[in-house]
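Below, each chain spelled out in residue letters.
6 protein chains.
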Amino acid sequence: MKASIYREEHFNSAHRLHNPKWSDKKNKTVFGKCNNPNFHGHNYKLLLKLTGNIDENTGYVYDAKKLSKLIKSAIINKLDHKNLNLDVVEFKHLNPTAENIACVIWNILRKEINEKYQLKITLYETERNFVEYPST
Amino acid sequence: MKASIYREEHFNSAHRLHNPKWSDKKNKTVFGKCNNPNFHGHNYKLLLKLTGNIDENTGYVYDAKKLSKLIKSAIINKLDHKNLNLDVVEFKHLNPTAENIACVIWNILRKEINEKYQLKITLYETERNFVEYPST
Amino acid sequence: MKASIYREEHFNSAHRLHNPKWSDKKNKTVFGKCNNPNFHGHNYKLLLKLTGNIDENTGYVYDAKKLSKLIKSAIINKLDHKNLNLDVVEFKHLNPTAENIACVIWNILRKEINEKYQLKITLYETERNFVEYPST
Amino acid sequence: MKASIYREEHFNSAHRLHNPKWSDKKNKTVFGKCNNPNFHGHNYKLLLKLTGNIDENTGYVYDAKKLSKLIKSAIINKLDHKNLNLDVVEFKHLNPTAENIACVIWNILRKEINEKYQLKITLYETERNFVEYPST
Amino acid sequence: MKASIYREEHFNSAHRLHNPKWSDKKNKTVFGKCNNPNFHGHNYKLLLKLTGNIDENTGYVYDAKKLSKLIKSAIINKLDHKNLNLDVVEFKHLNPTAENIACVIWNILRKEINEKYQLKITLYETERNFVEYPST
Amino acid sequence: MKASIYREEHFNSAHRLHNPKWSDKKNKTVFGKCNNPNFHGHNYKLLLKLTGNIDENTGYVYDAKKLSKLIKSAIINKLDHKNLNLDVVEFKHLNPTAENIACVIWNILRKEINEKYQLKITLYETERNFVEYPST
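Residue numbers (the working numbering), protein chains in the order written: chain A, 8 to 143; chain B, 8 to 143; chain C, 8 to 143; chain D, 8 to 143; chain E, 8 to 143; chain F, 8 to 143.
A hint or two may mislead.
Since the list can't tell identical chains apart, any single copy or any two copies may satisfy a pair.
Said to hold, decoys possible - Here are the simulated DSS-like pairs of lysine-lysine, each with C-alpha atoms no more than 27 Å apart in a straight line:
id: 1; residue 1: 118; residue 2: 28
id: 2; residue 1: 52; residue 2: 33
id: 3; residue 1: 73; residue 2: 123
id: 4; residue 1: 76; residue 2: 118
If you are wondering where the hints come from, they were derived from the structure by calculation, not from laboratory data.
Sequences are here, hints too, so could you generate the full structure?
Printed below as a string of C-alpha cells:
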C-alpha cells in the first residue's frame, strides 16, 4: 500500500548565475542576462514528493501539515526573500541554477525526514522552466 | 510503441478525518481542523493515467471520450456532491484521506479497465496537497 | 494616483443549498445535487480588491501582509474547515450560495477596513463558477 | 463597437523595498523581509488592457503581435533580469512596490500608444498579490 | 443587492484570419501566420459575466447549471470542433478574430437572456491573448 | 548527480482525426466530432523532459535557452499555425492524435539531442486531455 504525497511551497529570491573561474566575457556568453551583476529574481515554486506506506491508523503517508511546517522551517525560512548568492551559505561556492537549488533542498530535507520515505524535489524557476532531482 | 494518456475529472465532496478507535482528544490532536464534527469539503481534481500500446487503426492508446464517460459513471456519480463519510459505502470504515480516496478510486477503475493497461491515480485535495497511487 | 490591490486567500468548507420555506421536492428541483442533505464541499478561493490612493511614503495602497492577516483573522478563521450551514451564524437563516457568501464576507470586511478604501469580493466556488460582489 | 484586448508578458527582476528617509529600524518594521538589503526577486506577470473600437478591415482592436512587440521593446527589455533598484532609472528615487511598478509601466506605454486607446495595467508580483493601475 | 456571476465554458475550433477585399500579399503582411490558407486552431475559453439582483428565495443571481446549459446549447454546439470560417454562418462575411467571435457570442446570448441582466463576454484565444466585449 | 529539466513551449494547430481505410460512417462513429471534415483546432502545450548529469562548470543539465531555441526551430516552426493533416508531411499517412503527435515530436528531437540525454514528451491537447511518450 505505497503511495506518494506532494506538498507545494513557495519562496521569492534574487540570484545571479556566475562561474568565478571564468572571465566576465565567458560568463556573459554562457549565462546571458542571467549573469547580470546586480542580480535578478524569481518566484520559486517547490514541490516535495514523499513516498511511503499508508499508515493504517491515520490513512496518511505523512501528515501534510507537518510536512508543510518542516519545509517552511528547513527551506523557506532559509531561502525566501533572500539573495541566494550573498545570503545563503550553500551557494557561496555553488552556482544557484535551478538544478543546484533542487539538489541543495533535497540534501537538507533528506537529513530531516526518516530514511524509510523516498524523496523527490521539483523546482519551478518559471512556469515554463523547471527541474526534478533526483531524476527517475 | 507504449504511451500514457491522462484524463482529468472533478468532484466536490464533504468529508471529515476521524479514527473511531481513538478518543476525541486524540482525533483532534492528530487531524486538527480536518476533524471538525460537522465536516468540511473540497473540490477534488482527479487525474487518471492509463498506459498501453498506441493502436495502429485509431492512433489512440484509449479513447479519451470513453475514458471520461467511464470515470464519470464509475467515480464521479458516486463521489460528487456527496458526504464521503456518510454517503459512500467504501468510507464507512475507512478514513477518507486523500491517500485512501485515491486507493478506493484505483480499485474501482482497475475492475472496469482491461488488465493490459496500467493505471495510476493522482488526486488533488487542494492545489498544494495531492497524492499519487500507486507510487512509482 | 488611485490604484487597486488584490489579495487571494482560500478556505475549504462544507455546505448545502436549501430553502426551508420550500418542500423537499421543490428544493431538490431547484438546487439539484447541491441540496444533498448530508452536504458536499468546495475549495473556495477568495479575492479581495481594495482601491485607494498610493501612499507616498510606502508606495503601498495598503500593506498586503496586513491585508492577508486581516482576511485570515476575520474571514478564514470563521469559514475554513467549517460547515457553513451548521457552524457559521450568518448562514443560520441565509442560503450559503456563492452570491450570499460573497455578501457576508464583504459586510464583515467593510466594518474592518477604513471607509476611504473601496472593496470588492470575487469568490470562486470552482474554477468555472465564480461571483463578484458588489457588481460594477 | 468598443472592445478591450489583453496581452500578457513576463519579466523576472530583483528588488528591495526601502524608504531612504526612514531609519533602518523603521524600514524593517514597515517592509519586513521585503527590506532585505541584498534584495529578493519575483517573476512578474504583466497584463496590458487596451480598449478601443474594432477596426472593420482587420477585425482587431489592435494587432496582438504588435502589442507584444511594443511591450517587449518598451518594458520587458528595460525590466527583465534587472535589479529594479539599481538598474532602472525610474526607481532611483521611487520605491519599487507593485503599485509603483504598475504606474511606471503605464506612464511609459501611455506615450507609445495612440491616445484614442484607453490603457490599464495589471501587475502580478505573486499569484496571490497583484495590483491594477489606474483603478476603475 | 446586485452581484455578478461568471460561468466558464470551452470550445476547440479551427480558423483563418483573412480579408477577401485585400490581396494575398496584404493579407499575409497584416495577419502573418494567422492567414495560413489551410487554417490553424485554438482551445477557446469563454467566460460569461451576468449581472443582476440576488434572488431572495434562491440566493442566486442566476442558476449556474442553467447558464451552463444555455451556453452549451446556444454557443458550444455551434462553435465546438468546427471550422469557424467554413462551418459557422456568422463568419461567412466576418473575420473570426477574437474580438469578432466575442461580439457574435454576445449577440446570440443577448437574445436568449432576459434584458434585466447585463452581460459581458471574455474570450481567451490563448492564455496570453484575450478580449472583452463590450468594453467597460 | 542526475537531474531532469523541463521546458514548456506552445503551438496552435488545426487537425482532423480520420482513418482513410475506414468508411465515413465508421470514422464518424469512432472519432465523433473530432472527424469534422473541415477540421477543428487546439492550443497544444508541449513539455520536453531531458535527463542527464548536472555539469560542474555551468550547474546546468542543459541550457534552457538553447533547449527552447531547439524546440522552436525543430518543432514549433513546423507545427505552429499549421493544419497538421495538410501542412505537415509526417501526418500525410498518420492520424494526428495526441499520441501520434507526441511520437513524431520525440522522434524529431531524438535526432537533434545527444544520446547521453534521455527524453520524454508530454503533450497537452486540452487542460484535461494529455499524453506522455514514451511511457515510464
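Comparing the hints with the structure gives:
1. 118 - 28: The answer is neither: 31 Å in one copy and 33 Å across copies each exceed 27 Å.
2. 52 - 33: Intra 30 Å, inter 30 Å, cutoff 27 Å: neither.
3. 73 - 123: Classified as within; 17 Å inside a copy, 39 Å across copies.
4. 76 - 118: Answer is within; shortest intra-copy Cα gap is 15 Å, inter-copy 33 Å.
In this structure, the earlier hints numbered 1, 2 are contradicted, and the remaining ones agree with it.
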